[in-house]
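Visitor: Residue numbers (my numbering), protein chains in the order written: chain S, 444 to 540; chain A, 753 to 1308.
Hints are not guaranteed to be accurate.
To be verified - Simulated pairs of lysine-lysine, PhoX-like, Cα-Cα distance not exceeding 20 angstroms:
#1 A:Lys818 <-> A:Lys1117
#2 S:Lys534 <-> A:Lys1229
#3 S:Lys478 <-> S:Lys490
#4 S:Lys520 <-> A:Lys1283
#5 A:Lys1229 <-> S:Lys520
#6 A:Lys818 <-> A:Lys829
#7 A:Lys1283 <-> A:Lys1297
#8 A:Lys919 <-> A:Lys998
#9 S:Lys534 <-> S:Lys520
Stated by the list, open to error - Partial list, computed: chain A residues near chain S (C-beta under 7 angstroms):
#10 Gly781
#11 Ala849
#12 Ala855
#13 Asp859
#14 Ser906
#15 Leu1175
#16 Pro1182
To be verified - Here are a few chain S residues that face chain A, going by a calculated C-beta distance under 8 angstroms:
#17 Asp454
#18 Ala479
#19 Val498
These are calculated hints, taken from the structure and not from any lab test. Note that beta-carbon positions come from the ideal geometry of N, C-alpha and C, so glycine has one too.
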Amino acid sequence: MKILTANRLTDGIAVWYADGGWAETVDHADLAHDKAAEDRLEATGAKAYAANEVVDVNLIDAEVVNGVVQPVRLREKIRAAGPTIRNDLGKQAARAA
Amino acid sequence: MYRYDEFDHDFVQARVAEFSDQVQRRLAGEITEDQFRPLRLMNGVYLQLHAYMLRIAVPYGTLNGKQLRMLGHIARKYDKGYGHFTTRQNIQFNWPALSDIPAILADLASVEMHAIQTSGNCIRNVTADHFAGAAADEVADPRPYAEILRQWSSVHPEFSFLPRKFKIAVTGAERDRAAIQTHDIGLHLKKNAAGELGFAVYIGGGQGRTPMVARKIRDFLPEADLLSYCTAILRVYNLYGRRDNKYKARIKILVHETGVEEITRQVEAEWLELKDAELKLPEADIRAIEAYFAPPVLAGRPEGDQAVKLARLDSKGFSEWLDQNVVTHRHPDYAAVTISLKGIGEVPGDASDSQMEAIADIAEKYGFDELRVSHEQNLILPHVARADLKAVYDALVGIGLATANSNLISDIIACPGLDYCALATARSIPIAQEISQRFASLERQREIGELKLKISGCINACGHHHVGHIGILGVEKKGSELYQVTLGGSADENTSVGEIIGRGFSSEEITDAIEQIVETYLGLRLDPQEKFIDAYRRVGPAPFKEALYAGEAKAA
């Protein structure tokens, strides 16, 4: 399964494509289960990049754990949570608050 | 320290205005990311994992209180309350919004700072010995020459699009604290038999995926010829350096592939054309720049000896800090102080906004308003009266920055690694933290003695692992972090590249492996005076391999 991720142009914050827009958390990112869906996500990403909404657009591997979307690779897990050494920073900080 | 003249002010202000306009046009969608990326990189703006990152230049690592206070202000106002000091004597902020960067640069310009040439294929911040101007063993302060190089290299039209980035370091002492042999150009300021100042010139050092120790191509270059000779080196590199392969584009590859004799011949031939032309530095110009770096007037403070003696009896903590973090100054009543940004279990090189402000206060009150960033990611107070050391220590205790571990195993260089960096393949900081905690006992660290441990989270080697006495390189293998260990590296006047000791270790195993290496060293050293690096050079890798892997061989 794949999801679409990028960084928002204005502040560089990591975002994931979910439900027709760019969400600040990965939890409910739109999942692509097949090649056709991946192509659609990729096209969405290319359009958003061209529209200067986001930069560094990538399709990444994801899985669903306890009903929540999670990236597979460590790099993407850290992007989705924040630095592992500072739980008070990044997405994890908002979650804890 | 150096003060901007009118030209410098105008230049930096013009750049702030230019880049602010570029940011506005990018935010308005008038320019694309492909068009904008090279512009933002020229101004120190990267895109990392979580956000943009802004790298700010600290020329030759020299700062004053006002500047450090401004960095604290930026950390608080625009970032998340902290900054990260780097191995190139710069500072990075990890969370700035692109839309705030024009305001940040304007704030920086107000204290004569900027982010120009902290990225891109140009001549980067020129680094220098962090004890420059204070060290008892230096021939002369290397920073005036670093400043001359800064002025020459800033937006140099010929050298703004080099095959790859280019780093220069200068030291003024025999004992190299600026790691000059790991730089594209390393300059060792010295005196010849006639007492004249000049440089031993090294080229082609570097780390990354192909580590190389620089080669000396000239034993004595008169100071007046600094710019013409560097121009000759850069011209040869710019002409022949490889542009077809990013990984072979640094001057170290050119030196290696061309051969040091041939490249020396090329540089000398180019130099012959340049040496008596307009790049020759007039004596008056050198002395004028030197005047900016005139040391503060250090009044006699002979009461320091007695004060230190008494304070030592009074406080074990002070006594330990004095032994570890305070070094001899050229003036007997003064000392240079290392403020360790390596508290046990802390993030190497990070300082909070309030710590930066407090250190600025200390520098203004006790340190003649002078500060340095070391390439080992610590801060330095270069001139402190010995009589004031206890007061400085007490102030540092108050902000949690009095860890007495300079040059010990917990004084670890670590790159940001996969916790922040888009290029990283593994985390560095948590490994540094775990090792630091394992060796938390200062008594144990002192028993081990000088040991430089350096960690990089990818092959680009920002954490200098190749030249660590113990180096750790984090890679990704089959989806997990794996840590390779190198031993025997060094970045001083006897620079060497460490050797890979064997198979890598998982994140769970690496701290045990480091401990085993240290215990092996303690077991084989001739006496407590034999440092880790000296013992390793004497015995080689075999005993360490045996300790780490013998069990496996038997099991297999």
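Visitor: None of the hints should be skipped; say for each whether it holds.
Guide: Against the structure, the hints come out as follows:
no. : hint                    : result
1   : A:Lys818 <-> A:Lys1117  : holds, 12 angstroms
2   : S:Lys534 <-> A:Lys1229  : violated, 26 angstroms
3   : S:Lys478 <-> S:Lys490   : holds, 18 angstroms
4   : S:Lys520 <-> A:Lys1283  : violated, 41 angstroms
5   : A:Lys1229 <-> S:Lys520  : holds, 16 angstroms
6   : A:Lys818 <-> A:Lys829   : holds, 16 angstroms
7   : A:Lys1283 <-> A:Lys1297 : holds, 19 angstroms
8   : A:Lys919 <-> A:Lys998   : holds, 16 angstroms
9   : S:Lys534 <-> S:Lys520   : holds, 11 angstroms
10  : Gly781                  : holds, 4 angstroms
11  : Ala849                  : holds, 4 angstroms
12  : Ala855                  : violated, 13 angstroms
13  : Asp859                  : violated, 18 angstroms
14  : Ser906                  : violated, 27 angstroms
15  : Leu1175                 : violated, 10 angstroms
16  : Pro1182                 : holds, 6 angstroms
17  : Asp454                  : holds, 4 angstroms
18  : Ala479                  : violated, 27 angstroms
19  : Val498                  : holds, 5 angstroms
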